[in-house]
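Protein chains: 2
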Amino acid sequence: MVVVLVRCHVKPGCEEAFAAASVENAKASNREAGVLRFDFYREEDPTRFVLLEAYRDEEGPRAHKASAHYARWRDTVEPLLAEERTRERFEGVYVPERHLGC
Amino acid sequence: MVVVLVRCHVKPGCEEAFAAASVENAKASNREAGVLRFDFYREEDPTRFVLLEAYRDEEGPRAHKASAHYARWRDTVEPLLAEERTRERFEGVYVPERHLGC
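Quick note, the sequences are listed as chains X and C, same order.
Sequential numbering from 300 applies to the first sequence in my numbering.
Sequential numbering from 300 applies to the second sequence in my numbering.
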């Protein structure tokens with residue numbers, strides 16, 4: 300499994316617009332076949348956010364970046380960012396696909 | 300929702316023992332009532348690992364730290380660490396509880 304952690308730092312005043320676009324993107328991304336799950340977090344600094352993306356395999360990130368919702372998110376948030384977003388990549392060693400209560 | 304990201308840097312040669320203890324801890328943690336999910340990742344540097352813990356609310360981390368499996372994990376990994384583990388905390392803005400395929 301491939302896990303990607305993206306950090307976004309937005310300009311003051313752009314928090315709500317960024318959050319709205321990112322929740323919409325997360326909802327659509329969770330419907331992708333290659334996505335195990337796609338979360339959206341806020342840091343203690345309210346202008347800093349995190350996207351946590353877990354994919355089944357290497358094809359997952361490629362399919363995500365080719366999606367219409369990703370393009371819409373990227374274009375919407377570009378002018379809201381205070382600096383370029385950063386990206387870390389992990390190997391998912393233990394990532395339960397579904398909550399055990401399912 | 301409360302999200303905690305823990306980073307652990309282990310001594311060379313301790314990777315497999317650390318991973319085994321951490322997978323066991325993640326499996327047990329996913330059965331806690333207050334845990335939405337508990338993942339375990341490896342960074343590109345094979346001595347560096349990440350625990351990604353998503354809880355329903357503030358009570359979740361407290362219940363986790365009071366569990367027998369947490370105490371066992373903490374005591375097992377303590378001598379394997381190259382340095383003290385670090386911890387970041389996020390607010391979960393959008394954290395789907397279950398994969399939509401459920």
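Derived by calculation from the structure, the hints in this document are not laboratory data.
Careful: at least some of the hints might be erroneous.
Pairs count within a copy or across copies, as identical chains cannot be separated in the list.
With a Cα cut of at most 20 Å, we get these calculated EDC-like pairs of lysine to aspartate or glutamate [as the list claims (entries may be wrong)]:
no., residue 1, residue 2
1, K326, E396
2, K310, E383
3, K326, E390
4, K310, E357
5, K364, D344
6, K310, E390
7, K310, E358
8, K364, E315
9, K326, E383
10, K364, E314
11, K326, E382
12, K326, E315
13, K326, E343
14, K310, D356
15, K310, E396
16, K326, D344
17, K310, E331
*Where does the structure disagree with the numbered hints, that is, which hint numbers, in rising order?*
The structure conflicts with hints 4, 5, 7, 8, 9, 10, 11, 13, 14, 15, 16 and 17, although it agrees with all the remaining ones.
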